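In the numbering used here, the protein residues as written are 9 to 540.
Hint data in this document are derived by calculation from the structure and do not stem from the laboratory.
Treat the hints with caution; some may be incorrect.
[Said to hold, decoys possible] Pair by pair, the computed Cβ-Cβ distance ranges are: (1) P276 with G317: 24 to 30 Å; (2) G409 with G350: 23 to 29 Å; (3) E277 with T313: 17 to 23 Å.
[To be verified] When the alpha-carbon atoms are kept at most 30 Å apart in a straight line, the in silico BS3-like pairs for lysine-lysine are as follows: (4) K341 with K206; (5) K333 with K367; (6) K206 with K289; (7) K433 with K509; (8) K341 with K289; (9) K86 with K500; (10) K172 with K289; (11) K206 with K172; (12) K172 with K61; (13) K367 with K206; (14) K206 with K333; (15) K367 with K205; (16) K500 with K433; (17) K341 with K372; (18) K205 with K341; (19) K509 with K432; (20) K205 with K289; (21) K341 with K367; (22) K372 with K205; (23) K372 with K172; (24) K61 with K509; (25) K205 with K172; (26) K372 with K206; (27) K432 with K367; (28) K86 with K61; (29) K333 with K372; (30) K432 with K500.
Keep in mind it's a predicted model, so treat the numbers as computed, not measured.
For every residue, glycine included, the Cβ atom is placed at its ideal position computed from N, Cα and C.
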Amino acid sequence: MLGEAFAAAVDVIPRPSLCELRDGRLSVAGGMAIRAEASLRETGRLLADALEKVTQRPWSVATLSDETRPNGDIVLRKTAASAELGDEGYRLDVTADGVTIEASTPAGAFYGCQTLRQLFAPVADPPKAHSKTAWTIPCIHIVDRPRFAWRGMMLDSARHFQDKATVERYIDLLACYKMNRLHWHLTDDQGWRVEIKKYPRLTEVGAWRPNRNAELNRLPGGADERYGGFYTQDDLREIVAYAAARNVTIVPEIEMPGHCLAMLAAYPELSCTGGSFTLGKTWIYQDVCCAGNDRVFEFLDDVLTEVAGLFPSPWIHVGGDECPKNRWRQCPKCHARIQREGLRDESELQSYFIRRMAKIVEAKGRRLIGWDEILEGGLAPSATVQSWRGTSGGLAAARAGHDVIMSPGSHCYLDHSYQALTTKKSYSYEPIPPQLEPDRASHVLGIEGCMWLGNVSKRYLLRTGQVLPTAGIDVQVFPRLLALAEVGWSPKDNRDWADFKGRVREQARQLELRGVSVARDVTVWDDPTEPK
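Start from the sequences, fold in the hints, and give me the full structure.
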């Protein structure tokens, strides 16, 4: 049962594949417990933690065995693999006697738990104590699985450093809405955020920029203070483990051959000119990695060895976008490389660079991802393309047999203003281009919203005179990320803007109860001043 009855009773995002609303409601009694099969015990513990925050009472987690006869409890159970559920699907049944979640994998069970969490929406107003709320759940039958395997968000920590707690908070928010990829932008012209043991100057020098009154940074205390930070390798291992427990794969991005001024400031010999360099405070810079210098590839090989040891993701993102060619045109080493390799020009030199990096990445058992500029001059055979300059790059890559992540700025760039990109427009996006041949559609892995912090921080600085806080990131992300979550998960035919608009209002209330700032987008709230 879908449509108005669904929206009125079940404010779940993303919308399930199949949902049958039934008569009655389950009363959540004080003694209600979670019982999970042994392989789902950790999933049960995460559900207990989440429900404790909502209901303000403890939840016990017990192991479910063949002898257990649960009654009135939440049961997490493994089931046989099936095409109906796939790798991430689940069945959820709520009756007057209790709750059962079945899945063939821990990921599926986890997503069933996220749906259940949303069914626990509090009926009390925010100022009231949740402990006094009479909790009930609608009786319902849900069979659900995602449309796309890749449902992600990119977080830019290179332009503005976020502490470990903030990153983990966003992992929680992604997981709540069944998103399973955190594409982590960790290096750029404005900062290097990954501790690399072999090259300590990357963080000693590259993680900090002067605290100037500029577009990208300003802090109280004077121009001599440094601004920045980095993640130690212990920090990164903890964040990766935190994400894995919530079925979020962190895909690290180490930018190259452009957007690398932070690296060149630490090791200027890797440039075409030899430096010296200061970290960026605006945007694209002419100085890039010297493509004619073999030492550059040895250095990046060393860096990616440590990166691969920290991130078990099957993919490593190498950027590859917005690389100016002026330094290469003037560099004898780059000219010698072009001649030696039989390349036509600097565009093919960039292709050479990316193909060589793809071999390095593959030697570590990983696959390379790059922005759609990596198509220029010829593409590495195993590369995955992230299409951001519209959809043409993704279309061309899929037709050539390459996997594609769709992130067109027109619909997926969360740094854009709400005047340029409304929640309604994000919701309208269809990741598979209509002109793509059906036998190539499987190459579209899914969708990703991109949260760049450069333009956002500039607008916030001009408006407030302060550095960008977490709340300033929140309002760019929400509610638009909820729209992209539904685009990535729900069947195309199940998506309906009017229905989503009703559900997103309740989810916005839930987010605000959790301390998340939500933008009052006029396409969701007819009156942006409407009380929360």
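A quick look at each hint next to the structure:
In this structure the hint that P276 and G317 lie 24 to 30 Å apart at CB holds, the actual value being about 26 Å. The supplied range of 23 to 29 Å is met by G409 and G350, whose beta-carbon atoms lie about 25 Å from each other. For E277 and T313, the Cβ-Cβ distance of about 20 Å falls inside the hinted range of 17 to 23 Å, so the restraint holds. For a cut-off of 30 Å, the pair hint linking K341 to K206 stands: about 25 Å separates their Cα positions.
The straight-line distance between the Cα atoms of K333 and K367 is roughly 23 Å, inside the 30 Å bound, and the hint therefore holds. As the CA atoms of K206 and K289 are separated by approximately 27 Å, the hinted pair is consistent with the 30 Å bound. For the suggested pair K433 and K509, the alpha carbons sit about 12 Å apart, so the restraint of at most 30 Å is met. Restraint check: the Cα-Cα separation between K341 and K289 comes to about 28 Å, which is no more than 30 Å; the hinted pair holds.
For the hint pairing K86 with K500, the CA-to-CA distance comes to about 28 Å; that is within 30 Å, so the pair holds. For a cut-off of 30 Å, the pair hint linking K172 to K289 stands: about 24 Å separates their Cα positions. This hinted pair checks out: K206 and K172 have alpha carbons roughly 23 Å apart, not beyond 30 Å. As the CA atoms of K172 and K61 are separated by approximately 21 Å, the hinted pair is consistent with the 30 Å bound.
This hinted pair checks out: K367 and K206 have alpha carbons roughly 21 Å apart, not beyond 30 Å. Using a Cα cut-off of 30 Å, the hinted pair K206 and K333 holds, with the two alpha carbons roughly 29 Å apart. Of the supplied pair hints, the one linking K367 and K205 holds, its CA atoms being roughly 23 Å apart against a limit of 30 Å. With a C-alpha separation of about 15 Å, the suggested pairing of K500 with K433 holds against the 30 Å cut-off.
Using a Cα cut-off of 30 Å, the hinted pair K341 and K372 holds, with the two alpha carbons roughly 28 Å apart. Simply put, K205 and K341 have alpha-carbon atoms about 28 Å apart, close enough for the 30 Å limit, and the pair holds. The suggested pairing of K509 with K432 holds, with an alpha-carbon distance near 9 Å, which does not exceed 30 Å. Between the alpha carbons of K205 and K289 the distance comes to roughly 26 Å, so the proposed pair stays at or under 30 Å and holds.
A threshold of 30 Å between alpha carbons decides the hint, and for K341 with K367 the separation of about 21 Å falls inside it, so the pair holds. In summary, the hint linking K372 to K205 is supported, as the alpha carbons are separated by about 18 Å, within the 30 Å threshold. A hinted pair counts as satisfied when its Cα atoms are at most 30 Å apart, and K372 with K172 qualifies at roughly 27 Å. A distance of roughly 26 Å separates the Cα atoms of K61 and K509; the hinted pair therefore holds under the 30 Å criterion.
Of the supplied pair hints, the one linking K205 and K172 holds, its CA atoms being roughly 19 Å apart against a limit of 30 Å. Among the hinted pairs, K372 with K206 is consistent with the structure: their alpha-carbon atoms are about 17 Å apart, no more than 30 Å. Note on K432 and K367: the hinted pairing is violated, with a Cα-Cα distance of about 41 Å set against a maximum of 30 Å. Under the criterion of a C-alpha separation no larger than 30 Å, the hint pairing K86 with K61 is consistent with the structure, at around 26 Å.
Of the pairs offered as hints, the one joining K333 and K372 holds, with about 29 Å between alpha carbons and a cut-off of 30 Å not exceeded. The suggested pairing of K432 with K500 holds, with an alpha-carbon distance near 15 Å, which does not exceed 30 Å.
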